Amino acid sequence: MTERTPVLEARNLQVTFTGRGSRGVARAVDGVQLALHRGEIVALVGESGCGKTTLARTLLGLERPSAGEVLVDGQPLSYSSRDLTAYRKRVQLVLQDPTGALNPRHSVYEAVAEGLRIHGSEVDEGVAVADALSRAGLRPPERFFLRYPHELSGGQRQRVVIAGALVLNPDVIVADEPVSSLDASVRGEILALLLRLREELGLSLLVVTHDLGLAWNIADRVAVMYLGRIVEEGPTEEILRSPRHPYTRALLSVVPEMEGMDEVVLTGEPPDSTRIPSGCRFHPRCPVVVSGEAERLGIVEACRGTALPVLEVSAGHHVACHLPPDSN
Amino acid sequence: MSLLEFDDVSVTYRSGGADVPAVRGVSLTIEAGQSIGIAGESGCGKTTLTGTVLRLLPKSTKVTGRVLLDGEDVLTMSWGKVRAVRWAQAAVVFQGAMHALNPVQRVGDQIAEPITLHSPKTSEKAAQQRVGELLEQVGLPASRAASYPHQLSGGQKQRVMIAMALACSPKLLIADEPTTALDVMVQAQVLDLLAGLVRDLGLGMVFISHDLSVLASSCDRVAVMYAGEIVEERPAAALFDHPRHPYTAALAGAFPKVGDPRFRYSPAGLPGDPPFPGELPSGCPFHPRCAVAIDRCSSEVPPLQVVDDGRVACLRSGEHLELLGGGAA
Numbered sequence: 398m399t400e401r402t403p404v405l406e407a408r409n410l411q412v413t414f415t416g417r418g419s420r421g422v423a424r425a426v427d428g429v430q431l432a433l434h435r436g437e438i439v440a441l442v443g444e445s446g447c448g449k450t451t452l453a454r455t456l457l458g459l460e461r462p463s464a465g466e467v468l469v470d471g472q473p474l475s476y477s478s479r480d481l482t483a484y485r486k487r488v489q490l491v492l493q494d495p496t497g498a499l500n501p502r503h504s505v506y507e508a509v510a511e512g513l514r515i516h517g518s519e520v521d522e523g524v525a526v527a528d529a530l531s532r533a534g535l536r537p538p539e540r541f542f543l544r545y546p547h548e549l550s551g552g553q554r555q556r557v558v559i560a561g562a563l564v565l566n567p568d569v570i571v572a573d574e575p576v577s578s579l580d581a582s583v584r585g586e587i588l589a590l591l592l593r594l595r596e597e598l599g600l601s602l603l604v605v606t607h608d609l610g611l612a613w614n615i616a617d618r619v620a621v622m623y624l625g626r627i628v629e630e631g632p633t634e635e636i637l638r639s640p641r642h643p644y645t646r647a648l649l650s651v652v653p654e655m656e657g658m659d660e661v662v663l664t665g666e667p668p669d670s671t672r673i674p675s676g677c678r679f680h681p682r683c684p685v686v687v688s689g690e691a692e693r694l695g696i697v698e699a700c701r702g703t704a705l706p707v708l709e710v711s712a713g714h715h716v717a718c719h720l721p722p723d724s725n
Numbered sequence: 496m497s498l499l500e501f502d503d504v505s506v507t508y509r510s511g512g513a514d515v516p517a518v519r520g521v522s523l524t525i526e527a528g529q530s531i532g533i534a535g536e537s538g539c540g541k542t543t544l545t546g547t548v549l550r551l552l553p554k555s556t557k558v559t560g561r562v563l564l565d566g567e568d569v570l571t572m573s574w575g576k577v578r579a580v581r582w583a584q585a586a587v588v589f590q591g592a593m594h595a596l597n598p599v600q601r602v603g604d605q606i607a608e609p610i611t612l613h614s615p616k617t618s619e620k621a622a623q624q625r626v627g628e629l630l631e632q633v634g635l636p637a638s639r640a641a642s643y644p645h646q647l648s649g650g651q652k653q654r655v656m657i658a659m660a661l662a663c664s665p666k667l668l669i670a671d672e673p674t675t676a677l678d679v680m681v682q683a684q685v686l687d688l689l690a691g692l693v694r695d696l697g698l699g700m701v702f703i704s705h706d707l708s709v710l711a712s713s714c715d716r717v718a719v720m721y722a723g724e725i726v727e728e729r730p731a732a733a734l735f736d737h738p739r740h741p742y743t744a745a746l747a748g749a750f751p752k753v754g755d756p757r758f759r760y761s762p763a764g765l766p767g768d769p770p771f772p773g774e775l776p777s778g779c780p781f782h783p784r785c786a787v788a789i790d791r792c793s794s795e796v797p798p799l800q801v802v803d804d805g806r807v808a809c810l811r812s813g814e815h816l817e818l819l820g821g822g823a824a
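Protein sequences appear in the order of chains A and B. Take the first sequence: its position 84, counting from 1, is numbered 481 in this note's numbering, and each next residue is one higher. Take the second sequence: its position 57, counting from 1, is numbered 552 in this note's numbering, and each next residue is one higher.
Please keep in mind that the hints were generated in silico from the structure rather than gathered at the bench. As the structure is a prediction and not an experimental result, all values here were calculated from the model. Take the hints with a grain of salt, since some may be wrong.
Claimed, not checked - Residues from chain A that face chain B, not an exhaustive set, calculated with beta carbons under 8 Å:
(1) 468
(2) 550
(3) 615
Stated by the list, open to error - Footprint (simulated), chain A over chain B, 3 or more residues, beta carbon under 8 Å:
(4) 568-579
(5) 674-684
(6) 736-749
(7) 756-764
All C-beta atoms in this analysis are idealised placements derived from N, C-alpha and C, irrespective of residue type, glycine included.
Model the full assembly from the supplied sequences, consistent with the hints where possible.
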């Protein structure tokens, strides 16, 4: 798996934002390595403010990295406007709220055709739109052409958004919380659609989410992000069945339908990225440190003072934590 | 006497000259110290049902049946009485806390508003002290009273909304999707807070959500609504793990159990959309989407029958629904 060139890769990526006045510099993405291979589904998981959306936007070329680079098929992403336009045809974005993403005055046909028109595509528009709609599960497509968003259910609207992404035949779709605003019954349908698109079109998918159930449902690999860094990464089965990072364990333990795990509710919220703690960035909230366990293990000084390296990109299970690998 | 009792409540909206039945004959009781979850898809009538308690529905809406709050029918109360009951006996934590707060008013003043409205003689100092207590009760420092909403995170805003609902010491709390827009960890914090309030203050809580897994982990009992009716009402864990209505099974199955191989690469959904309330199908309203429907289901309306631990409305509830593979059992 690692031998092939990833279709999309973040190499030592950093993105900073400079605030006004004395707020300092926010290190939203603070050294991230991440690879997405052809036909692969990767879930990028973390709390609000952990930098996952900034990372996704940077991979899409919507933000410029302050250090490191984005590689597309092994080549550095070029930020000239012509190259970016071409790039955005290949890498499409699907957002959380389909109601906000669709123009209420555009019919379904116009919404889906918009991408073709922007990119000056020379294909037969009607055929391409019908094709994209039926691939997104809206069949027969002609019945939906003249409908407006308010006439559709939430699930249908999300399918229209997905059709709008598919119409350009992209290689990669980046989906930011694609089901979190949808009803439970619709959620499974949309996730099944994403799996089918991978199957049929060989699409690669990067799904940004805080929903571990979604990751378990569809992802091949999971990357857990905390405060600008990936702290644990690997095959879904390993990350979600034998998590090693205390943060991943805490996230898993609060999934409501999780049984047989003691709930670890972390107090407070992640600090903001202008003030990243020294040592392990998770140590002020880490249950292992707070409970005194780290002190017994003799690692508490490292937790507080020794920074952890950026995780490498390769097959297998990686974790950025001072806990010895055999501890539980 | 129950804290809250819905007795054969129906709600009909007027829409474009036609009657749209949003809630159809719901009966449900809530005791003090008990939390009951109401689950269902958008448009199933769950928010409309709870809107009757504080008479929050538009004027043109027709409500029949009885809504007994501490034994008194809310539907026949004078407006003055309704106003006194709001906040003081029953309070609502609304959906979308992010947008429910006034952005240009300090949160302390917003929490104090119901207090000074209900007891106009409260001194400013007493009100401030009460605001401080309330903030601490929901796990925020009293000094947060001076903050504006934009200075708070989503979880903190939701805590402020809960503090506001508690301001006049109500006996009943109605929480409408209180954790929907929140992160998992913050959601866990808010759920713990609500459970603590039910336990420590002996509140009754009605918890509305489309997320059956959240209700199963935080309520005593759950009622599942479909097309304006209760289709199943049983103890929360039993209902989630061993659903007896195919609709409950589908909702429960939509939340994968992380680590369970049955859900790996096979997300479960429920095809189709709920019926429009004005155009209900014949027989069981769920039959067009039901995976185990039989011929009888399209002609016979299943009654809501009492079973050993609750109520179920399905012609096949006697047989069983393992065939659906739903639930987290």
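Results of checking the hints against the structure:
1. Checking residue 468 of chain A against chain B: minimum C-beta separation of about 28 Å lies over 8 Å; hint violated.
2. Checking residue 550 of chain A against chain B by beta carbon gives a least distance of about 5 Å; that is within 8 Å, so the hint holds.
3. At about 6 Å, the closest approach between the beta carbon of residue 615 of chain A and any beta carbon in chain B falls short of 8 Å, and the interface hint on this residue holds.
4. Proximity of the stretch 568-579 of chain B to chain A, defined as three or more residues with a beta carbon under 8 Å from a beta carbon of that chain, is not established by the 0 residues found.
5. Only when three residues or more bring their CB closer than 8 Å to a CB of chain A does the claim for the stretch 674-684 of chain B stand; here the count is 7, and the claim holds.
6. Interface restraint, the stretch 736-749 of chain B with chain A: holds (4 residues with C-beta to C-beta distance below 8 Å; minimum three).
7. For the stretch 756-764 of chain B, the stated coverage by chain A is satisfied: 7 residues place a CB nearer than 8 Å to a CB of that chain, which reaches the threshold of 3.
In this structure, the earlier hints numbered 1 and 4 are contradicted, and the remaining ones agree with it.
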